[in-house]
Amino acid sequence: MTHKTIKVLYFAALREALGTPGETVELPDGCTTLANVRSLIAGRGGDWDKLAQMKNLRAAINQRMADPGATVADGDEVAFFPPVTGG
Amino acid sequence: MSVSVREADFDIGAEIDALLAGRTDVGAVATFTGLVRDMNDGSGVHAMTLEHYPGMTEAALEDIVVEAKSRWDILAVRVIHRVGLLQPADRIVLVIVAGSHRGEAFAACEFIMDYLKTRAPFWKREDTPDGSRWVDARDTDDSAARRWD
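For the protein sequence lines, the chains are A and B, in the order given. Just so it is clear: in the first sequence, position 12 is 102 by our numbering, and no numbers are missing. Just so it is clear: in the second sequence, position 54 is 55 by our numbering, and no numbers are missing.
These are computed hints drawn from the structure, not numbers from a lab. All C-beta atoms, glycine included, are put in the ideal place defined by N, C-alpha and C.
Reference listing, derived: stretches of chain B covered by chain A, where coverage requires no fewer than 3 residues with Cβ under 8 Å from a Cβ of chain A: (1) 48-61; (2) 82-95; (3) 113-120; (4) 124-131.
Anything over 10 Å on all C-beta distances counts as not near chain B; from chain A, calculated: (5) Thr92; (6) Thr110; (7) Glu113; (8) Asp119; (9) Gly120; (10) Thr123; (11) Leu130; (12) Arg134; (13) Gly136; (14) Asp137; (15) Trp138; (16) Asp139; (17) Lys140; (18) Ala142.
Could you put the whole structure together from the sequences, leaning on the hints where they help?
In structure tokens, the structure reads:
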């Protein structure tokens with residue numbers, strides 16, 4: 091079975107902390123939820139740990155707000171970002 | 002198009018006229034306009050940059066308008082949110098709600114702003130004398146949005 095590949099985007103303070111607006115990520119077997127994806131990326135260490143440290147992190151799957159337990163599928167667009175401050 | 006995310010400023014009167022063009026059933030129009038202030042959290046602000054998530058932003062705003070229309074008997078809605086570099090006194094956001102009567106128009110306008118504050122993916126960065134900083138989300142915005150649950 092081939093691994094799932096997703097697009098991951100970062101915004102605002104998180105984008106600056108990680109030094110990139112986004113990347114393509116291949117998910118190992120068992121990496122099925124938003125929380126799993128967050129742990130996978132943060133687990134690289136270095137600046138990536140800021141993804142684990144950020145308080146009140148928000149996330150979206152395919153441009154809809156999603157909870158940590160939401161399932162991530164092959165080809166999904168996942169985004170991580172701080173709480174929003176528009177208006 | 003009831004929702005716009007753009008750099009360009011807006012003319013409130015022209016937007017109301019456009020929303021009401023050809024209609025004779027509207028008895029009330031409520032509007033909210035948000036502006037850039039020159040002071041926030043004790044620091045002077047000389048400029049602000051608004052970042053957003055293209056695609057999701059428009060979808061989130063459209064969802065909020067659909068939700069407002071399902072909760073109140075309103076006739077027309079227009080939402081404009083600016084992005085990019087803004088200066089103090091610049092307009093940031095406009096919400097116009099037209100209805101038969103003022104009650105629904107006022108309520109839906111406030112609801113749309115409360116939900117926008119917590120659900121639409123915009124982020125503000127302020128330039129202050131001490132440097133540039135990302136604006137922290139406010140707990141009061143979360144509690145304002147929860148009033149409608």
